[in-house]
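Q: One letter stands for each residue in the lines below.
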Amino acid sequence: MKTQKEITISGVGGQGMILCGTLIAEAAAVHEHKKATLSSEYGVETRGTFAKSDVIVSDEEIYFPDVTEPDLVVCLHQVAYARYSGKIGDALLLFNSDEVAPDAVAQGPQKGLPITQMAKELGNPQTTNILTMGIIAGLTKVITPEGAKEAIRKFFQGKSDKVIALNEKAFDRGYEEGAKLQEDAI
Amino acid sequence: MGEFRFMQGNEAMTEGAIAAGARFYAGYPITPSSEVAETSSIRLPQVGGLYVQMEDEIGSMAALIGASAAGKKAYTATSGPGLSLMAENLGVAVMGEIPCVLIDVQRSGPSTGLATKPAQGDVLQARWGTHGDHSIIVLSPSSVQDCFDLMVTAFNYSEKYRTPVIFLSDEIIGHLREQVILKSPEELDIFERPEPTGDPKDYRPYDHSNGLAPLSHFGSPYIFKVNGSMHDEWGRPCARPDNADRIIRHLSEKIEAHAEEIAITRRYNMDDAEIVLICYGGAARSALSAMKKAREEGIKAGVLQIVTLWPVPDQEIREAIAQAKTVIVPELNLGQYIGEVEKRNEKNIPVIGVNRIDGQPIVPAQILAEVEEAAK
Chain A
1 MKTQKEITIS GVGGQGMILC GTLIAEAAAV HEHKKATLSS EYGVETRGTF
51 AKSDVIVSDE EIYFPDVTEP DLVVCLHQVA YARYSGKIGD ALLLFNSDEV
101 APDAVAQGPQ KGLPITQMAK ELGNPQTTNI LTMGIIAGLT KVITPEGAKE
151 AIRKFFQGKS DKVIALNEKA FDRGYEEGAK LQEDAI
Chain B
1 MGEFRFMQGN EAMTEGAIAA GARFYAGYPI TPSSEVAETS SIRLPQVGGL
51 YVQMEDEIGS MAALIGASAA GKKAYTATSG PGLSLMAENL GVAVMGEIPC
101 VLIDVQRSGP STGLATKPAQ GDVLQARWGT HGDHSIIVLS PSSVQDCFDL
151 MVTAFNYSEK YRTPVIFLSD EIIGHLREQV ILKSPEELDI FERPEPTGDP
201 KDYRPYDHSN GLAPLSHFGS PYIFKVNGSM HDEWGRPCAR PDNADRIIRH
251 LSEKIEAHAE EIAITRRYNM DDAEIVLICY GGAARSALSA MKKAREEGIK
301 AGVLQIVTLW PVPDQEIREA IAQAKTVIVP ELNLGQYIGE VEKRNEKNIP
351 VIGVNRIDGQ PIVPAQILAE VEEAAK
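Just so you know, the sequences run in chain order A and B.
For what it's worth, our numbering labels the leading residue of the first sequence as 1, then goes sequentially.
For what it's worth, our numbering labels the leading residue of the second sequence as 1, then goes sequentially.
Extracted from the complex, chain B is given alone in its bound form:
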């Protein structure tokens, strides 16, 4: 049985991380994510974990990589300005295939922007913020319950696919307070990092010819090197063209080939929906509200909520387009995810963005107006 609580999204992320087995946090507090740092600093020592207040976000991300390489599940929380600083070492985690979870509670940007106001402007930065070809997993919560549940999923994906996962929240959900059930350990499936077996001399941490190689931890006899430069199966520098080709394809394929398995979407009133709202995060709350009102007016509206933003739930979006007359994509940006919908719009139906960038949430009436227009 879980524990029924009334709490803030940011707080529930901390609880979710701890439930997932995370025992290390390094970060630099920033609005609107600071409560993750605050609650982590209290909760982690209670469960034998460690909270480190770092000098900045560059150091935070570096500490995460170190802690994870030492065998601990590690996480940090930041907002747009911090995400930019973390981008460099995020690349090291991608290249070194080091599991870790980076929470971004999005606020209005660019730069310091509107520190206390919501936005969803980091959707593409989460995907491509660190340079070079790679894939990454990005999850988007839309409730305080999600902040707990999906945080467990984020760690599981991170460990399973040996990749950083970005937990892309926003100010609306981060600061929202509502009921949540903190599930007990026996209700949760936790993926634990497999330890290598066999002769330590033969351990090759980047040999993925038989599925992902298990990641050892520093201090174990299975020695491994973490290298941001191109490396061979052992982690030693290697500039051979065929090796570079293999590594880059692997960094992409190890995630993209499992996109359907990683994809999480939610369908609301989709069975007969002709007008489909494709949405995520805080804006999903506005979309669901608009859908409910549209249904009361007799309009066949449905919602496809995207929880796994990256890799893109290709099949689910294609199916939604196949049944829809119109697709509406509400986003707290100028249209960052709508491009993914348009790419799959072979039917060439109207795909309409409802966008807001003034630091205010999209009110349901804005979306409803578009739904009513489309229903005419």
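Isolated chain A (complex conformation):
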């Protein structure tokens, strides 16, 4: 019986996957009092090549901190999609349809969302990562919106109220989409 949730957030360097994963894991550890880890992989280039962060949330001690049996893989870029599509069994692959052209015949469950477009509609494409955080939270329920927002506020501490409000809004927008996806799955 699997007692832990394993989530990979992948894309290319610069898309904010590590921040997205960190805030999820932090919210789970600090606000939900669960065990949580965040490990990451990146290249020597700071931008443009494959990068990912692995979030594990569990009720028990987490030993190996990399995702080996994913529940959800998020792909924010074609490079990441190519790496995971068809290789993650029954886990859901969620991709950013603004960045990824999916395989004509995809193996396993896949779902695309126009995450960049959604972020632009909120007024700032830089909110893509927090929007993604919201989608993951709505879909997996590994963290609550309250915990997530505390983590967001802590990270953006010192920034203007406008920036904090925008990111909270981005989280809510993502959460809504994620919750819808979960209902679809049921």
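In case anyone wonders, no lab produced these hints; they're calculated from the structure.
Worth double-checking, as some hints may not be accurate.
As the list claims (entries may be wrong) - Partial list, derived from the structure: chain B residues whose beta carbon lies under 8 Å from chain A: (1) F4; (2) S111; (3) A115; (4) H175; (5) L176; (6) R177; (7) E178; (8) R285; (9) S286; (10) L288; (11) S289; (12) P361; (13) V363.
Said to hold, decoys possible - In silico DSS-like links for lysine-lysine, alpha-carbon gap of 27 Å or less: (14) A/K35 / A/K120; (15) A/K180 / A/K169; (16) B/K225 / B/K72; (17) B/K343 / A/K35; (18) B/K343 / B/K254; (19) B/K225 / B/K160; (20) A/K35 / B/K376; (21) A/K87 / B/K292; (22) B/K72 / B/K160; (23) A/K35 / B/K293; (24) B/K293 / A/K87; (25) A/K154 / B/K183; (26) A/K154 / A/K141.
Note that CB positions come from ideal geometry on N, CA and C, so glycine has one too.
Using the hints, position chain B against chain A.
A: Frame of chain A; chain B shown alone:
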């Protein structure tokens, strides 16, 4: 009561160093250790300490020796390429018996290698990287909590045994983020450097005939010299054969004679273990995961985690071999610590290495496959 935080291993090392009383950092940032420099540059000035961005790693190590000789607990952080550059002055710290802590967040080598990828290729370099006979203390963390707790231990050992200590982390643990409790000062035992007493004229900083001589600090009336060349009890150059013999034996014995006291190991499911995984650092996380799965399959697997890599926890490894049918040693190198296990394998049981050198962590399934094979 400590403070519950979610943070990165590298960050927790900085907090651990500060909690241990360190107030000086000199370094040259390098992936995957840079966050130690980054957080030290922010945190040290907040507690009255000093962060110095140096021109390179040679200068960094020299600055550490100077700061420690002036009485401050000092540390630096680097990775393999920087460790190579620090090796020269590490020897000065060994010879001068100057306490300091050198963090090495290991990445794939040799040379610049794979800058962002994990490895454990510096295990023997940490032991023997600087030339000449000597002993040294090397600690290996496997969690963010370790990064805090063991950093305090590293400083305590360093001060107590008047030696550089290498804090041998790796990219997996350095960049891992997880929960940590930053213990409050009253929860920590901190070893403070004893000051010399008596007539300053009689102060002999290298006279260890009555236990380790206390190290004074520059500016105090107890004057001492730091000399990389062979020196007498006063620190003055001395080339007498009997003196050289005494000094070199002392540099080794002051640590090796206390190996059991310095040894830190952890035993998991060892009581009835027949297949024992001997591991350390980031690879210990993979081994623990594999052990848990093996137990679920009914295999009597256990883990002996080595935290003090050097001096070698001799007794603990011997006991593990005595009870085991097979020992498996997972390492992110071609087999650097397995030699220490094999040296103690008088029973001649199978000792199997699980090695990975492609810049990726050892996945638990790789270790589990060996465990299952051994259990057949």
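Q: All the hints need checking, so say for each whether the structure fits it.
A: Comparing the hints with the structure gives:
no. : hint            : result
1   : F4              : holds (7 Å)
2   : S111            : violated (14 Å)
3   : A115            : holds (5 Å)
4   : H175            : holds (6 Å)
5   : L176            : holds (6 Å)
6   : R177            : holds (4 Å)
7   : E178            : holds (5 Å)
8   : R285            : holds (5 Å)
9   : S286            : holds (5 Å)
10  : L288            : holds (4 Å)
11  : S289            : holds (4 Å)
12  : P361            : holds (6 Å)
13  : V363            : holds (6 Å)
14  : A/K35 / A/K120  : violated (34 Å)
15  : A/K180 / A/K169 : holds (17 Å)
16  : B/K225 / B/K72  : holds (17 Å)
17  : B/K343 / A/K35  : violated (38 Å)
18  : B/K343 / B/K254 : holds (22 Å)
19  : B/K225 / B/K160 : holds (20 Å)
20  : A/K35 / B/K376  : violated (34 Å)
21  : A/K87 / B/K292  : holds (25 Å)
22  : B/K72 / B/K160  : holds (14 Å)
23  : A/K35 / B/K293  : holds (19 Å)
24  : B/K293 / A/K87  : holds (22 Å)
25  : A/K154 / B/K183 : holds (21 Å)
26  : A/K154 / A/K141 : holds (20 Å)
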